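Here the numbering used here is used: the first residue of the sequence shown is 1, the next is one more, and so on.
The hints are simulated quantities; they were obtained by calculation from the structure and are not laboratory data.
Computed from a prediction, not measured in an experiment: that's the story for all the values here.
A few of these clues could be false.
[Unchecked claim] Taking CB as the label site, the calculated pair distances span:
{"id": "1", "residue 1": "A42", "residue 2": "R8", "range": "25 to 35 Å"}
{"id": "2", "residue 1": "I43", "residue 2": "Q19", "range": "16 to 26 Å"}
{"id": "3", "residue 1": "I43", "residue 2": "K6", "range": "28 to 38 Å"}
[To be verified] With a Cα cut of at most 16 Å, we get these calculated EDC-like pairs of lysine to aspartate or glutamate:
{"id": "4", "residue 1": "K6", "residue 2": "E24"}
{"id": "5", "residue 1": "K6", "residue 2": "D54"}
{"id": "6", "residue 1": "K6", "residue 2": "E27"}
{"id": "7", "residue 1": "K6", "residue 2": "E52"}
Even for Gly, the Cβ is constructed at its ideal location relative to N, Cα and C.
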Amino acid sequence: MFGGFKTRLVRASLLATSQVLGFEQTEKRLVLHGLPATQPDAIAGITVLKLEFDTSPQQVLGIGYVELENFKFSW
Numbered sequence: 001m002f003g004g005f006k007t008r009l010v011r012a013s014l015l016a017t018s019q020v021l022g023f024e025q026t027e028k029r030l031v032l033h034g035l036p037a038t039q040p041d042a043i044a045g046i047t048v049l050k051l052e053f054d055t056s057p058q059q060v061l062g063i064g065y066v067e068l069e070n071f072k073f074s075w
C-alpha cells in the first residue's frame, strides 16, 4: 500500500518478470494486488515495482499530506 499519489496509476508490474499487478487507487491510497508469495530475486531478496502513471507522478506525504515541492522521481 502506498499513500499520497495525486496522479492516476494506469499500470503496475514487476520489473523482473513483467507480471502485471492489479491495483485499487483512491484519493489517498494505492493498493497493489497479485504480488507473488516469494520475491522474484532470490539472491538479493528485493522486488522492484514498475508504476506507470498517466502523467508525471506527484505525491504528497506526511501528516496533512504536505506536498513535496520540486521533487523529481527517478523512475
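For each hint, the structure was consulted:
1. A42 with R8: 25 to 35 Å: 33 Å, holds
2. I43 with Q19: 16 to 26 Å: At roughly 19 Å between Cβ atoms, Q19 and I43 fall inside 16 to 26 Å, so the hint holds.
3. I43 with K6: 28 to 38 Å: 36 Å, holds
4. K6 with E24: Within the cut-off at roughly 14 Å; holds.
5. K6 with D54: Roughly 11 Å separates the two Cα atoms, so the pair holds.
6. K6 with E27: 7 Å, holds
7. K6 with E52: The given pair, whose Cα atoms are some 13 Å apart, holds under the 16 Å limit.
Violated hints: none; the structure is consistent with every hint.
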